[in-house]
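Student: One letter stands for each residue in the lines below.
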Amino acid sequence: MRPVDWVVLVVALASIVSYGLYRSRGSNTVDRYLLASKSMPWWAMALSIMATQASAITFISTTGQAYVDGMRFVQFYFGLPIAMVIICATVVPLFHHARVYTAYEYLERRFDGKTRVLAALIFLCQRGLSAGLTIYAPALVLGVILGWPERVTTSLMGAVVVTYTVLGGIKAVTWSDVQQMCIIMLGLVTALVTVVVLLPHQVSFGEAAYLAGAAGRLNAVTTNFDWQDRFNIWSGLLGGTFLFLSYFGCDQSQVQRYLTGRSVAQSRLSLLFNAVAKIPMQAFILFIGAMVFVFYVFERPPVLFQQTELQRIQTAAGYEPVNAEYNRAFESRRTAALALVEAHKAGDKGGEARRIAEYRAAQKDIDSARADAAQLVERNGGEKGFTDVNYIFLSFVTRYMPAGIVGLVIAVIFAATMSASSGEINSLATVTVMDIYKRYVHRGATDHHYLLASRLATLFWGVYAVAFAGVAGRLGTLIVAVNKVGSLFYGSLLGCFVLALGFRRVRGTAAFCGMLAGEAAILATAKWSDISWLWYNVIGCGVVVTAALALTWAAPRRGETPLSAD
Amino acid sequence: MPEPRDVPDEPPPFLGSWKRVYIAVFVYLGAVILGFYLFTRAFR
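Same order as they appear, the protein sequences are chains A and B.
All letters in the first sequence, in the order written, are residues 1 to 566 by the numbering used here.
All letters in the second sequence, in the order written, are residues 1001 to 1044 by the numbering used here.
Each computed SDA-like pair below joins lysine to any residue, with the alpha-carbon atoms no more than 25 Å apart:
(1) A:Lys364 to A:Ser332
(2) A:Lys278 to B:Pro1013
(3) A:Lys364 to B:Ala1042
(4) A:Lys278 to B:Gly1030
(5) A:Lys114 to A:Ala517
(6) A:Lys114 to A:Tyr440
(7) A:Lys38 to B:Pro1004
The set of hints was computed from the structure by calculation and includes no laboratory data.
Only a predicted model underlies this, so the values are computations on that prediction, with no experimental measurement involved.
Produce the entire structure from the sequences given, and follow the hints as far as they go.
Tutor: This is the structure we're talking about:
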């Protein structure tokens, strides 16, 4: 990082914090602190929802995903518009008119206290685990790329987030998210323009897209079905719909964003904006990754982008042959790519077909050499299942982007981390106070008392997130497992809300037992099958509904006939 | 501690009803998937 990069980074961070705090003045009641007095316009909520969902690792990882696997990851978001429409038509007016602070508060009104507290605890477990990782994951990558100590990065990001979240509450979070989203979009557009400008002069933008497509990097839609494949049109449409229904309908970190709307219509518009904008945005990020791939067709990339692991294997037996094969394949690919561009320009179809075959064969050799290098890492004490996907984009940024732009991209990483983290901390505090403390520990206190409790709970979850991030490095490969934990909880939460909305005769005990059965089914699927985690929500939701309906049918309340369709 | 206030339910600012807005979103999704499918074929 050069001085101008530091200036850009510091100015970006300072403006985020000061603007968020400025807009959050007067958050001196619980209603203002947790729900912004239901005064937010749709566009601020829309950008906040988008920023909360997009963590730093989303940007780092998505570009790398396109580099190694193409754009098919975009299909993951095909279920999002469907989920948003369902949520707008059902839970948005329901939550608003129920006048609740949390989604789980509604469950007590519909079922009973134990169902509410089970849902709240499931949320606290799931979000609590991911809160630390949201800060730790980008700190880990920045540590390897820039040499920054992880503890310094996590502490800096954590301190900034905790400051404005504790002081300003949901208003500070939302207005900071708006600014963070603007910085993120500015950074992404700048990154794409820069990578296109850095391409060799004989390769135009259209030819770069042609080369990316010829290497399978523009494969946005794949129609083959596979239970173990996360990214095809079917898993995106069905699995994605259930995942986003769970995330936007049952996860307080998102529900709280749209509960701040000044009307039901404003909340709906904020979600529908995401329904429309999210897919093009993800496609845009993936396209940046595809262009980085084309850039590296002409500029030799390292065999592995993770420098620490690369240095580890450079002295190991077996590295030299892998590196030699990689260099040979790279030269073959570059020669074939240039010849392919010439044949394409000349309209020589026969030559084009031959060059495409050579280009793809060289790409296969490169992929094979990179896989061999990854295996060397594993054999020399590295992480099992090692991958350098998360390091590709930032490695490119720090090596090739001009001064100032590097600072802007690092600011994007910080902004994305802070927006995701502040939303998590804020919602964790809200659930802790409203669903646990106010309900079971201290009922009937003053507004001032609960405001203070909310601030303290926010501080607690902020400190916890930073502390968890501090020890996350010691968990080693468990990090992967912990990351996966998030997908283990959503299905049962979704099933409970489906029961609440769609099956009037189901009561609290049946819903409670259904949730337990759904959670058991998800855990069993994760442990004993190879089914992709994207399907866990479908399975969990299905088991919750089936089990609760079976219980209601088997044990109807006194004076009722067995269950019939509602 | 007061409950959060109830908020009004309003018609959408365009297309006249929420049902039409939702249909427009589904039409948009179909167009996006078709667009990506054609994009994939064009560059395959």
